[in-house]
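Chains as they are written, first to last, in the working numbering: chain A, 1 to 289; chain B, 1 to 256; chain C, 1 to 322.
Don't read these hints as lab results, they were simulated from the structure.
A virtual CB, placed ideally from N, CA and C, is assigned to each residue, including glycine.
The reader is advised that the hints may include incorrect statements.
[As the list claims (entries may be wrong)] Computed list of lysine to aspartate or glutamate pairs in EDC-like fashion (alpha-carbon distance at most 20 Å, straight line):
(1) K255/C x E195/B
(2) K188/B x E172/C
(3) K75/C x E107/C
(4) K222/B x E195/B
(5) K266/C x D207/B
(6) K93/C x E172/C
[Unchecked claim] Not everything, but these chain B residues come out facing chain A in the computed CB check (under 7 Å):
(7) F31
(8) L91
(9) D101
(10) K105
Read off the chains here:
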Amino acid sequence: MVTRLKKSWSKPTRARLSNLPASLLIGGGLVGFLVCVALLSFVWTPYDPITIDVRNRYLPIWSDGHILGTDKFGRDVLTQLIMGARNSLFVSVVSTLVSLVIGTLLGLYVAAAGARLQNIISRGVDVGVAIPGILVAMVLATAIGPGNAAAITAIIIWFIPVSARVVIGPTMQVLSQDYIEAAFGYGRTKWFVLFNHVLPNISSIIIVQASVMFAAAILIEASLSFLGVGAQPPTASWGRTLKEAQPLMEIAPSLMVVPGLAIVIAVLGFNLLGDGLRTYYDPQQARKR
Amino acid sequence: MSIIDVKSFYFSYGSRAMQETNPWTLCDLNFSLEAGGFLGVVGESGSGKSTLIRNLCGLLPITKGQIQVAGYDMGSLNHAEQLKLRRSIQLIYQNPKRSFDPRMKIGTSVSQPIRSLEKRVPPTTELETLLARVGLQPDYLDRFPHELSGGQLQRVAIARALSVKPIILLADEPTSALDVSVQAQALKLIAELREELNLTMVLVSHDLAVIARITNSVIVLKDGEIVEQGDTASVILKPQHEYTKKLRAAASVVSL
Amino acid sequence: MLTIRDLKVTIAGHTVAEVEMLEVREGQRLGLVGESGSGKSMIVMSILGLQPKSASITGSITFNGQELIGLSDKKMANIRGSLIGLVPQDPTKSLNPTMRIGKQIAEAITLHSSIKKNKADQRVRELISNVRLPDPDRILRSYPHQLSGGQQQRVLIAMAIASNPMMLIADEPTTALDVTVQGEILQLILTLSRELGMGLIFVSHELGVVRFICDEIAVIYGGHVFEIGPAHAVVNTPLHRYTEALISANIAMPKTQADIGREAGKLQSIDGSVPALGTFPNGCRFRNRCVYEITECALPVPMQNADGSRFHRCRNPIREKG
Numbered sequence: 001m002v003t004r005l006k007k008s009w010s011k012p013t014r015a016r017l018s019n020l021p022a023s024l025l026i027g028g029g030l031v032g033f034l035v036c037v038a039l040l041s042f043v044w045t046p047y048d049p050i051t052i053d054v055r056n057r058y059l060p061i062w063s064d065g066h067i068l069g070t071d072k073f074g075r076d077v078l079t080q081l082i083m084g085a086r087n088s089l090f091v092s093v094v095s096t097l098v099s100l101v102i103g104t105l106l107g108l109y110v111a112a113a114g115a116r117l118q119n120i121i122s123r124g125v126d127v128g129v130a131i132p133g134i135l136v137a138m139v140l141a142t143a144i145g146p147g148n149a150a151a152i153t154a155i156i157i158w159f160i161p162v163s164a165r166v167v168i169g170p171t172m173q174v175l176s177q178d179y180i181e182a183a184f185g186y187g188r189t190k191w192f193v194l195f196n197h198v199l200p201n202i203s204s205i206i207i208v209q210a211s212v213m214f215a216a217a218i219l220i221e222a223s224l225s226f227l228g229v230g231a232q233p234p235t236a237s238w239g240r241t242l243k244e245a246q247p248l249m250e251i252a253p254s255l256m257v258v259p260g261l262a263i264v265i266a267v268l269g270f271n272l273l274g275d276g277l278r279t280y281y282d283p284q285q286a287r288k289r
Numbered sequence: 001m002s003i004i005d006v007k008s009f010y011f012s013y014g015s016r017a018m019q020e021t022n023p024w025t026l027c028d029l030n031f032s033l034e035a036g037g038f039l040g041v042v043g044e045s046g047s048g049k050s051t052l053i054r055n056l057c058g059l060l061p062i063t064k065g066q067i068q069v070a071g072y073d074m075g076s077l078n079h080a081e082q083l084k085l086r087r088s089i090q091l092i093y094q095n096p097k098r099s100f101d102p103r104m105k106i107g108t109s110v111s112q113p114i115r116s117l118e119k120r121v122p123p124t125t126e127l128e129t130l131l132a133r134v135g136l137q138p139d140y141l142d143r144f145p146h147e148l149s150g151g152q153l154q155r156v157a158i159a160r161a162l163s164v165k166p167i168i169l170l171a172d173e174p175t176s177a178l179d180v181s182v183q184a185q186a187l188k189l190i191a192e193l194r195e196e197l198n199l200t201m202v203l204v205s206h207d208l209a210v211i212a213r214i215t216n217s218v219i220v221l222k223d224g225e226i227v228e229q230g231d232t233a234s235v236i237l238k239p240q241h242e243y244t245k246k247l248r249a250a251a252s253v254v255s256l
Numbered sequence: 001m002l003t004i005r006d007l008k009v010t011i012a013g014h015t016v017a018e019v020e021m022l023e024v025r026e027g028q029r030l031g032l033v034g035e036s037g038s039g040k041s042m043i044v045m046s047i048l049g050l051q052p053k054s055a056s057i058t059g060s061i062t063f064n065g066q067e068l069i070g071l072s073d074k075k076m077a078n079i080r081g082s083l084i085g086l087v088p089q090d091p092t093k094s095l096n097p098t099m100r101i102g103k104q105i106a107e108a109i110t111l112h113s114s115i116k117k118n119k120a121d122q123r124v125r126e127l128i129s130n131v132r133l134p135d136p137d138r139i140l141r142s143y144p145h146q147l148s149g150g151q152q153q154r155v156l157i158a159m160a161i162a163s164n165p166m167m168l169i170a171d172e173p174t175t176a177l178d179v180t181v182q183g184e185i186l187q188l189i190l191t192l193s194r195e196l197g198m199g200l201i202f203v204s205h206e207l208g209v210v211r212f213i214c215d216e217i218a219v220i221y222g223g224h225v226f227e228i229g230p231a232h233a234v235v236n237t238p239l240h241r242y243t244e245a246l247i248s249a250n251i252a253m254p255k256t257q258a259d260i261g262r263e264a265g266k267l268q269s270i271d272g273s274v275p276a277l278g279t280f281p282n283g284c285r286f287r288n289r290c291v292y293e294i295t296e297c298a299l300p301v302p303m304q305n306a307d308g309s310r311f312h313r314c315r316n317p318i319r320e321k322g
């Protein structure tokens with residue numbers, strides 16, 4: 001009996017592809033594709049993203065040499081899209097990672113703090129969650145000037161309390177377990193316990209939260225660029241491409257549809273990935289595997 | 001000489017401001033335990049028995065009064081003394097499934113107290129010896145907690161507690177989360193190890209029968225107060241306090 | 001009244017419960033005893049139609065001549081409320097924390113009977129006195145958290161008997177309670193079952209508790225019924241080796257000076273632990289932990305009749321003494 005148990009466990013849950021949730025596969029595929037496209041932009045784009053070509057303005061979709069057509073300056077839309085993916089991912093990855101790290105540390109600290117400090121900080125976190133992020137971005141843009149830096153800073157400020165709040169609950173739950181008290185009982189310090197016992201046990205929650213936040217960050221980046229607070233020309237951005245296309249909706253509707261679809265696909269990809277990860281880590285699902 | 005000495009000890013959760021209105025969780029406790037003694041603490045939920053055992057190993061602060069353990073005054077410990085005390089006193093928990101980090105292999109978990117308190121990484125042979133002492137095969141070191149049954153995990157918990165060679169072992173309802181068929185096993189192991197290693201032991205339980213079987217002296221706790229204490233035989237066979245009598249009667253009705 | 005024949009519950013290919021025959025006659029009190037993972041709760045949940053969705057059930061469970069297996073959820077829910085009452089394990093988790101006690105009991109009454117809402121109050125008070133709760137006015141106005149665990153369990157018993165069910169099912173109703181309260185609740189269930197002539201299925205991991213309240217005991221291990229017989233006979237002269245081991249592993253209240261303190265050596269225990277689902281040995285499911293194992297134990301063990309009222313499934317049973 002012992003050997004049988006050992007056998008089934010020596011191969012840990014290396015799940016076969018078919019056993020993974022569909023949303024995880026589709027989301028992972030979309031996100032992977034997006035990352036590849038963004039990386040591709042460093043070595044190759046169909047056309048130069050900045051050069052203006054007055055003769056080839058407003059080419060429709062499926063034109064010769066311009067699969068997705070050209071915009072009002074005659075720039076290749078596909079190239080704009082690829083460069084935009086790079087910017088979108090850059091902004092969302094940087095802002096999400098920074099806010100996730102700070103937010104997680106803050107959350108861990110709050111959860112392990114004494115009752116009074118915990119009360120004060122978690123009220124602060126609640127207030128932080130309630131502040132409208134777009135407003136923060138506007139204020140920042142006027143203070144430090146519009147651009148990626150303003151967008152990233154705004155998203156970081158916006159997401160820190162959000163990610164802190166996601167971490168607090170599960171951390172407190174883990175902290176209430178006996179093995180934590182046992183660790184204190186053999187002389188471990190608070191931060192040792194937080195990093196070595198709590199963090200590994202809430203890592204799945206953080207990973208899921210990260211992918212949800214990526215999706216949100218992409219959407220926010222697009223909104224900010226659309227409002228003129230985010231990336232400035234000549235940096236390509238989906239949001240700005242969308243905005244520039246808005247007045248031309250009747251002349252060249254595809255100019256709006258294309259970046260819009262790109263945003264939808266990116267957000268959908270990350271959301272599906274997050275959803276898939278959640279299902280994957282769900283203990284009840286895990287038991288079935 | 002008493003190894004545990006508790007004098008007019010009070011404890012209350014919450015801040016000092018609340019204590020005016022809050023009744024004490026533990027109220028005016030006085031008892032002592034000789035080295036090598038085996039004390040049972042019996043009480044129902046809310047009696048404060050789990051709180052008391054955490055006070056004894058310094059996991060909760062002292063609100064009022066005095067606790068001396070192994071010569072240390074628990075109210076005024078500096079950091080070095082605290083570490084020394086942690087080596088001499090260890091606690092075993094009620095629910096073994098909750099007392100192991102689910103993401104740590106058994107071997108890693110068992111080695112934690114040595115790593116933390118003796119600042120060294122124990123060799124595998126040492127861990128294997130620890131497991132062997134509680135009757136487990138060395139291959140359990142590479143398993144994760146969820147691969148073990150409750151009874152096996154409780155053995156591992158005992159091995160972990162004994163790894164730093166404590167002189168006092170505290171146990172908080174160590175058998176009540178286990179299957180009936182392995183309760184006696186775990187209890188027997190604890191009692192045998194206690195004799196073998198000459199440990200001083202405090203066993204907290206709601207089960208008067210368990211306390212009666214293996215302890216030498218007993219404290220009956222009710223609502224944070226000691227209602228009766230003495231050597232186990234006299235308290236069990238000739239209870240004086242009404243509450244002890246009631247407990248005994250209730251336990252006897254469903255006892256085989 | 002309730003008859004189980006050839007019941008087999010499987011989850012993900014593993015048999016979690018297999019019962020050839022189990023019967024509760026009118027007014028009879030049957031105790032199901034087993035450790036965790038024995039399948040005792042699964043048997044009870046199958047009777048109530050509350051088994052997990054992933055479980056598949058074959059065989060037959062008849063209640064009052066009506067077949068329960070395959071019954072629609074709606075019909076099953078009706079039977080649960082009106083003909084079979086359920087007393088849950090943890091009272092603190094089984095009451096709605098935001099609703100006053102009086103209203104919760106009234107709901108239990110009006111849901112499964114023809115009593116109108118305005119007439120329910122009288123019945124509520126009747127039930128409160130049935131379960132011996134003092135000061136009904138205060139209790140009815142209280143919220144669950146204002147009552148003790150024992151009082152909450154009494155309220156739940158009142159709700160379970162609200163529609164005069166023919167049978168009560170109690171799933172470890174005293175495990176979450178203190179010892180002193182446990183006795184009172186057991187006594188109450190016993191008295192009510194006698195007064196109202198209700199059949200009772202009482203699930204517990206403690207033989208002592210079941211012997212106190214039931215007149216028949218079924219010992220369950222690994223999803224199999226190992227032994228059935230009159231309560232006192234099963235406890236005093238067990239036939240199955242597992243029953244015997246379980247009784248000797250029980251930590252009993254000492255009665256004499258000799259049994260007190262430093263008695264660790266005298267404690268009897270069963271070696272090993274209950275196997276995980278799917279890792280039970282074939283044949284007798286206890287044989288890997290049994291000291292009386294013989295070669296025949298690896299073969300399937302049929303239920304054998306020892307004498308009229310007693311059945312067991314042991315290849316090497318304990319013979320009558322003397």
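Consistency of the hints with the structure:
no.: 1; hint: K255/C x E195/B; in the structure: violated (24 Å)
no.: 2; hint: K188/B x E172/C; in the structure: violated (26 Å)
no.: 3; hint: K75/C x E107/C; in the structure: holds (19 Å)
no.: 4; hint: K222/B x E195/B; in the structure: violated (29 Å)
no.: 5; hint: K266/C x D207/B; in the structure: holds (18 Å)
no.: 6; hint: K93/C x E172/C; in the structure: holds (14 Å)
no.: 7; hint: F31; in the structure: violated (22 Å)
no.: 8; hint: L91; in the structure: holds (5 Å)
no.: 9; hint: D101; in the structure: holds (5 Å)
no.: 10; hint: K105; in the structure: violated (11 Å)
Going through the hint list in order, the structure does not satisfy hints 1, 2, 4, 7 and 10.
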